[in-house]
Amino acid sequence: MSPSKNPATTGTALVKRGLADMLRGGVIMDVVNPEQAKIAEDAGAVAVMALERVPADIRRDGGVARMSDPLMIQEIQAAVTIPVMAKARIGHFAEAQILQALDVDYIDESEVLTPADEENHIDKWAFTVPFVCGATNLGEALRRIGEGACLIRSKGEAGTGNVVEAVRHLRTINAQMRRLHSADANELFALAKDLQAPLPLVQEVAQSGKLPVPLFCAGGISTPADASLVLQLGAEAVFVGSGIFKSEDPTRMARAIVEATTHFQDPEVVAKVSTGLGSAMKGWETSSLELRLAERGW
Amino acid sequence: MKRVGVLALQGDVGEHVTMLESLESVVVKVRTIEQLESVDALVLPGGESTTIAHLLETSGLRDVLGEKLRSGFPVFGTCAGLILLSSEVLDGRADQWSYGALAVSIRRNGYGRQTASFESPIEVKGVGSVSGVFIRAPRIVAWEERVEVLATLDHGDGRGEHPVFVRQGNVWGAAFHPELAGDPRLHRLFVDSL
Numbered sequence: 000m001s002p003s004k005n006p007a008t009t010g011t012a013l014v015k016r017g018l019a020d021m022l023r024g025g026v027i028m029d030v031v032n033p034e035q036a037k038i039a040e041d042a043g044a045v046a047v048m049a050l051e052r053v054p055a056d057i058r059r060d061g062g063v064a065r066m067s068d069p070l071m072i073q074e075i076q077a078a079v080t081i082p083v084m085a086k087a088r089i090g091h092f093a094e095a096q097i098l099q100a101l102d103v104d105y106i107d108e109s110e111v112l113t114p115a116d117e118e119n120h121i122d123k124w125a126f127t128v129p130f131v132c133g134a135t136n137l138g139e140a141l142r143r144i145g146e147g148a149c150l151i152r153s154k155g156e157a158g159t160g161n162v163v164e165a166v167r168h169l170r171t172i173n174a175q176m177r178r179l180h181s182a183d184a185n186e187l188f189a190l191a192k193d194l195q196a197p198l199p200l201v202q203e204v205a206q207s208g209k210l211p212v213p214l215f216c217a218g219g220i221s222t223p224a225d226a227s228l229v230l231q232l233g234a235e236a237v238f239v240g241s242g243i244f245k246s247e248d249p250t251r252m253a254r255a256i257v258e259a260t261t262h263f264q265d266p267e268v269v270a271k272v273s274t275g276l277g278s279a280m281k282g283w284e285t286s287s288l289e290l291r292l293a294e295r296g297w
Numbered sequence: 000m001k002r003v004g005v006l007a008l009q010g011d012v013g014e015h016v017t018m019l020e021s022l023e024s025v026v027v028k029v030r031t032i033e034q035l036e037s038v039d040a041l042v043l044p045g046g047e048s049t050t051i052a053h054l055l056e057t058s059g060l061r062d063v064l065g066e067k068l069r070s071g072f073p074v075f076g077t078c079a080g081l082i083l084l085s086s087e088v089l090d091g092r093a094d095q096w097s098y099g100a101l102a103v104s105i106r107r108n109g110y111g112r113q114t115a116s117f118e119s120p121i122e123v124k125g126v127g128s129v130s131g132v133f134i135r136a137p138r139i140v141a142w143e144e145r146v147e148v149l150a151t152l153d154h155g156d157g158r159g160e161h162p163v164f165v166r167q168g169n170v171w172g173a174a175f176h177p178e179l180a181g182d183p184r185l186h187r188l189f190v191d192s193l
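Quick note, the sequences are listed as chains A and B, same order.
Residue 0 is where the first sequence starts when you use numbering that gives the first Met the number 0, and the numbers rise one by one after that.
Residue 0 is where the second sequence starts when you use numbering that gives the first Met the number 0, and the numbers rise one by one after that.
Keep in mind that the hints were calculated from the coordinates and are not lab data.
Here the structure is a predicted model, which means the values were calculated and not measured.
Not one of these hints is a red herring.
Below are the BS3-like pairs computed for lysine-lysine, each with C-alpha atoms no more than 27 Å apart in a straight line: (1) K67(B) x K28(B); (2) K37(A) x K271(A); (3) K28(B) x K271(A); (4) K28(B) x K209(A); (5) K124(B) x K1(B); (6) K124(B) x K4(A); (7) K192(A) x K209(A); (8) K281(A) x K37(A); (9) K281(A) x K271(A).
Rough simulated footprint, nothing fancy, chain B against chain A, three-plus residues with beta-carbon under 8 Å: (10) 18–30; (11) 77–83; (12) 98–108; (13) 118–130.
Output of the computed footprint for chain A on chain B, the stretches with three or more beta carbons under 8 Å from beta carbons of chain A: (14) 7–15; (15) 76–90.
Every residue, glycine too, gets a C-beta built ideally from N, C-alpha and C.
Required output: the full structure, derived from the provided sequences and hints.
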């Protein structure tokens, strides 16, 4: 065979980060079956996260939370045309290998599942499929990017319906990026040490003032107003887990959060879509929590 | 100076804005009918075509843009934007609509899911070699003669060359993402045509 006129290269940083760029301004919804996936797609979700239990149920049921059954992921892939993401446990590269073999579009190495390794995250450079990881601060975000993550989401506190932790993590990441951006070159070595982050990435953030990959928000978003809030705080898209299918009217809530995400700077639109929505998920006050998922991962 | 809009409902809006600003156009992010009425041309970015189609309807922009396209309004769509401009969408949702402004049939995710996303050099007529970034890209599987083919790709899958960058009158479409490669030459073609 003659060499192709157009030699194609898969799995490059550009195509892996590029899919995250395509999700900007969108809502990624947790779904547990094909019916929910269809509802999410109908409502305008940019992607779905296929998992067996939404975080609120993982929190309620306890036990070890693992990667989902491949059959469930395949049924969801067959049901929708939008990207399908799935979660692997922190450090569980064998689960990630399975998810790549299943041809999922993104892997979330997620603190919502029970960690498989208390020291090491997955070497994400070794995969063709891109990874998203959670972070509570800039050092954590840059460590994950150093390991090959192509998308960062602020962790928030999943399954609580309470946006307070998401706000804390976004504000922390943004404040630390502003600090780097205003630092002079001599300070970056000590700042990299304080952040426990790779120096080249610290220098890159200092130069550009932003992460080298998109920054989305997750964990506790449960109303259109929550979506507008975190987008105004600098998130580029939102993950909504329990907030949709634990609300009174999931179809309406899903559509409303999608519209609020697009028109987050227009309070009249957010007001309109928030009107008569029915109740959001009940939620938890985070000081009452026994299990803090955001503390998983390091 | 021409005012060029970027449809800013969802997708990689920022990259298109950066490209157009480097060409010294006046760039407007378009989310409302008033904003659409204020521009001389529009870019439809990459993103999720089902999401953008949904938001075009809820924002009331769908019919206004359709009317403009029928009267020769210049539009450049990349990836999801190409899907929205095409005349037939295969493997889409049952209710997926498109504007029919480009006489091409496209297959959604026509090169495969994300693990098959790829980069490949593309030879563009009158421009030269550009970096083609294809992400869950649509594949043009049929096209009418009135569609001018500006670049083709041989994906090496035995199905031969097919268009990846096309023009029909004032409407342009690329299956890939020139906005991600940091190279404004295809945007310049579009802006220079205005």
